[in-house]
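**Student:** Spelled out from the first residue to the last, the chains are:
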Amino acid sequence: MPEANSNEPVDVLIIGAGASGAAVAWSLADTRMRIVCLEQGDWMNPSEYPTNGTDWEIQQHGPFNIDPNIRQRDTDYPINNDESPINVVNFNGVGGGTVLYAAHFPRLHPSDFKVKSLDGVADDWPISYDTLDPYFNQNDRMMGVSGLAGDPMYPPKQPPLPPIPMGLVGEKLASGYNKLGWHWWPSDSAIITRPYEGRDKCLNLGPCMSGCSQGAKSSTDITYWPQAIRAGVELRTRSRVREITLAENGMAEGVIYYDEDGNECHQKAEVVIMACNGVGTPRILLNSKSNKFPDGLANSSGLLGKNLMFHPVAFSQGVFEERLDSHKGPQGCCILSKEFYETDLSRGFVRGYNMQITRGTGPFNTAIQGYASGQIPWGPDHHKAFQRQFDHVASVGVLCEDLPELHNTVTLDPELVDSDGIPAAKINYTLSENSKRMLKHGVDRAEQVLAAAGAVEVSSTELVQSAGWHLLGTARMGADPNTSVVNPWGRSHDVKNLFIVDGSIFVTAGGLNPTSTIQALALYIADTMKKNLANLFD
Amino acid sequence: MNKGNITTDYPLTDVQRLKLGCLLDVLIPASQEGHMPSAGDLDLIAYLQAKAMDFLPSLIALLDALEKDFLTDNFEGRYQAVKKLSNDEPGLFQALIYQAYALYYQSPVVLEGIGAAAGAPFPRGNAIESGDLSLLDAVLATPKQYRKAPS
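First to last, the sequence lines map onto chains A and B.
Residue numbers for the first sequence, in this note's numbering: 111 to 648.
Residue numbers for the second sequence, in this note's numbering: 23 to 173.
Just so you know, these hints were derived from the structure itself, not from any lab.
Glycine is no exception: its CB is placed at the ideal position from the N, C-alpha and C atoms.
Computed beta-carbon distance windows for the label pairs:
id : chain 1 : residue 1 : chain 2 : residue 2 : range
1  : A       : His517    : B       : Asp91     : 54 to 64 Å
2  : B       : Gly56     : A       : Gly484    : 21 to 31 Å
3  : A       : Asp152    : B       : Glu55     : 43 to 53 Å
4  : A       : Gly230    : B       : Ser173    : 11 to 21 Å
5  : A       : Arg183    : B       : Asn109    : 31 to 41 Å
6  : A       : Asp192    : B       : Thr94     : 42 to 52 Å
7  : A       : Pro119    : B       : Ala72     : 47 to 57 Å
8  : B       : Ala72     : A       : Ser456    : 54 to 64 Å
9  : B       : Lys106    : A       : Gln479    : 17 to 27 Å
10 : A       : Pro119    : B       : Gly113    : 49 to 59 Å
11 : B       : Leu93     : A       : Asp369    : 57 to 67 Å
12 : A       : Gly230    : B       : Ser156    : 33 to 43 Å
13 : A       : Glu431    : B       : Glu134    : 20 to 30 Å
14 : A       : Pro272    : B       : Ser60     : 37 to 47 Å
Footprint (simulated), chain A over chain B, 3 or more residues, beta carbon under 8 Å:
id : region
15 : 49 to 56
16 : 124 to 135
17 : 138 to 151
18 : 154 to 165
Work the whole structure out from these sequences, hints included.
**Tutor:** Here is the structure:
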């Protein structure tokens, strides 16, 4: 299939090559439509990931930092977090956030889609778990997900690969959960534990969150994209979209973007699909102002950029007498607990949280974080304190559901711009009282289970600042154009050839890592588009 | 000006070099059992020249802030001097800690001493215990179940 020229219209234009953009591109490819994806970042080269070198931990603080404001690659855009206790973290490149994510891969629960009906707060989604179930399964197969069937906290599901080894860390914490009679289960992980689809299995390198040199972690640059490209999709890297242009008939006409050399290009398309995450998508739409949409494209509801949800995260670490080989194995994937996931108002808050057991860090990060926390001093006591912690820790991340609130927003910063001069995103976010109570409850329970598991020392961070991975809710889906930005299958209420497939369209956030659900949603929307091709814009 | 002299790219004077060795010996001394080296046994200057040239002027400023008798003091005296330095120059001192730890915890000798494998993790990889899944029997024995929701 010939590549489209910059000025030659295409059928489908996807903006963003991350978790959702890759999935929707792959799914739509079988229509044989002419599909182009614009991605502001580069292809990643696994031989350049940090674990290829001895300085692998140092690089996590620089070019592979999860915070774009620290990483400062020329393919990144700055984000103003000054009015938020949580910083946005992400990655810009083919694969998007999946390049640096932990690959912890739970699905939303059935109850997460019906929060209003069940708990009287926020809103119900216009779709259910059952709607997405086939797409969850399809996505698990495409990504390569490891896990163990039989978790009583979910409807039946069968991960295609066996679970990640729990290791001594998982075993230790599991014994703690059992003592307390609390639920736990091996985590579903987007990391392959057996050779799969031409990729080799996990080597337990440890730092998944700086890119996987082995290619065992399922980032979409090595899962969906190769197949989508083979099926004819064109992926243009270093192509940064400034705005979506509007035709006289009120439909999206295409986009203006900057290519690798900074040239301004116009790409026309019959359909435009946004897949830029819950910050990037509203940023571009808010930058797409016109006479018809003076407050940003597809924003007649006024909800674009509002209801930002992050998942506030607390973190507790236990130190154990026994060596747990903590720095070995996927750092963020081990076991989880849903004991406090569902609403129990006697706890003092509505909704709940996931407990994600994580492994320890490498030597340098153990030392430098211990210095920062005051637990590992420099000087004559350094070695003793270091050896007490290194490979002797297990941690519990408490990942809380935060409810949609209008005052938590993504807007355009009046001054900050990216390297192409495009206005940057500004985050305004405050923790709700409900979230604060949930975090406190979660820390107490995390410390309790660590103690039950035998930790001799426990310390906690009640709110992790650099934890804004999950960017949700800023262009919510719904049936009513007055209370939502897109319809129940991702199409803008205002602009009928504009679709959104990323985490922006979440109605509520659930209390767990959202990538599995984001991708299932993208596949569901793509499938619905295919079923409605004849009357897509009706 | 240096006509007739042998020049090198070593950025420290002799006094600064000696101070640096003593300073690093205080930050991470050799372990008492002897299996862990002192940070002063490692070549921080070569590391900075390769990885963090920008920090060299800050390092020199820190070294110059130490009194000359730092060199002749005993360990406790040096420890107190470094403590004062950490209070007087917290930002620079924190940056020094970062660079010293970065050097130290990449050293093969150090990694061997703490029971970690030296070198790049990839492609070596790590072996970990699979874990005892029979621990799940306790979970499956409870009546807990996911919360049903309307379609």
